[in-house]
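Number of protein chains: 2
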Amino acid sequence: MPKKQKAVVLLSGGLDSTTCLAMAKNLGFDLYALSFNYGQRHVSELAAAQRAARDFGARDHLILDLGLDKIGGSALTDQMEVPKASREKSDDIPITYVPARNTIFLSYALAKAETLGSSDIFIGVNAIDYSGYPDCRPEYIAAFEKMANLATKAGVQGRTIVKIRTPLLHMTKARIIQKGIELGVDFSKTHSCYDPSDDGLACGECDSCALRKQGFAEAGVADPTRYGHG
Amino acid sequence: MPKKQKAVVLLSGGLDSTTCLAMAKNLGFDLYALSFNYGQRHVSELAAAQRAARDFGARDHLILDLGLDKIGGSALTDQMEVPKASREKSDDIPITYVPARNTIFLSYALAKAETLGSSDIFIGVNAIDYSGYPDCRPEYIAAFEKMANLATKAGVQGRTIVKIRTPLLHMTKARIIQKGIELGVDFSKTHSCYDPSDDGLACGECDSCALRKQGFAEAGVADPTRYGHG
Chain A
-8 MPKKQKAVVL LSGGLDSTTC LAMAKNLGFD LYALSFNYGQ RHVSELAAAQ RAARDFGARD
52 HLILDLGLDK IGGSALTDQM EVPKASREKS DDIPITYVPA RNTIFLSYAL AKAETLGSSD
112 IFIGVNAIDY SGYPDCRPEY IAAFEKMANL ATKAGVQGRT IVKIRTPLLH MTKARIIQKG
172 IELGVDFSKT HSCYDPSDDG LACGECDSCA LRKQGFAEAG VADPTRYGHG
Chain S
-8 MPKKQKAVVL LSGGLDSTTC LAMAKNLGFD LYALSFNYGQ RHVSELAAAQ RAARDFGARD
52 HLILDLGLDK IGGSALTDQM EVPKASREKS DDIPITYVPA RNTIFLSYAL AKAETLGSSD
112 IFIGVNAIDY SGYPDCRPEY IAAFEKMANL ATKAGVQGRT IVKIRTPLLH MTKARIIQKG
172 IELGVDFSKT HSCYDPSDDG LACGECDSCA LRKQGFAEAG VADPTRYGHG
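Chains A and S supply the protein sequences, listed in that same order.
Here my numbering is used: the first residue of the first sequence is -8, the next is one more, and so on.
Here my numbering is used: the first residue of the second sequence is -8, the next is one more, and so on.
Excised from the complex, chain A in its bound form (with noise of 0.2 Å):
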């Protein structure tokens, strides 16, 4: 049998990151997942990324402290409210947008992947029911890629090529959690909130529990997420 590539995954413990992490699994790669403690105001999410390495044995996953909340400009990492979803379309980016945290994941990501001899970096970013950040953008994905393959000593001497692998780029919400139910996801230890409670429930009205409640309905399936509040 040959040896298994390996693949460094970014994990949140997220529904979506989580999914990713699967889908990594489920195409025969040795997963290394990588988190961050950036200063979000709940570290539930990471307790949630340790479970589903753990469920979807890893064999490793770092978690990085990063210094975001020393930058701000983010209801994530400062004390700004959390705006409720609105209904409406719009074009603004939210407040709730980490200024350049993709590519600071990202960036770490491809330290790791260079480290490990690795060529894959999974990411579970989404351009159709997002909140609108610039940094899941199919083109600003590309735009990583090439630099990263200039970026690094195994990209200039042409011994690997650097890959972002984005699968649920084009995904809905609901084909997601499909997709996660199939490959043994428990989405009840997934969080997705940017504002639970003090003990870790998601609050049901920000743009990401929207998103997930909504993708949940349209996918038939029952959203097994335990609501705190509203």
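Hint data in this document are derived by calculation from the structure and do not stem from the laboratory.
Any given hint could be a false lead.
Because identical chains share one entry, a pair is satisfied inside a single copy or across any pair of copies.
Stated by the list, open to error - Below, simulated DSS-like cross-link-like pairs (lysine-lysine); rule was C-alpha separation at most 25 Å, straight line: (1) LYS61 - LYS(-3); (2) LYS(-5) - LYS61; (3) LYS170 - LYS(-3); (4) LYS61 - LYS204; (5) LYS137 - LYS154; (6) LYS204 - LYS137; (7) LYS61 - LYS154; (8) LYS16 - LYS61; (9) LYS180 - LYS(-6).
The structure displayed is predicted, hence computed values, not measured ones.
Given chain A's structure and the hints, the job is docking chain S onto it.
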């Protein structure tokens, strides 16, 4: 008088980044210096960065702790031996290369710039007298800039075009030294060595010390560096 533009300046405390800081000041920018504690073996360069930020009147100097030592893969963050400078030209990338370092540094600078409403990020990379790191090449910087303009809220809204400014890119080390002196850099306070002694003195023998020594010789300027051994 028009309001000064803000610039984020990556500042390691070395000869190049300190000159880059002086050049940004000379261009009339309000300086926001950004340094990293990334598990490098010696933090004497952070002390040099703090002095430089103070000397050039930076409005702010943020030092962020990164977790690069947890990722490994470099003689600068691991317990590998730092090699002495080779006199032979080589296409190999040295083991002092830190995987994806500049990508991670620039990603944080991008986050900081977006938060500040700044469109100018300065980095003192150089593609002439340098150690051959892939993430110091012009094509890498151009790819990062392109990605950065797809990554951010400001970029998407067309409010700001991020510019990665690399004033040293095509300068020889000798020219950088001349420029620094012209702008008031005190090079006795800058730190370049990859392998300093416990009390922070330069080794005089690593690749970085060799480039620095040669630069002073070619510039016809007395080298103010205190070498501890070698």
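Return the numbers of the hints above that this structure violates; sort them in rising order. 4, 6, 9
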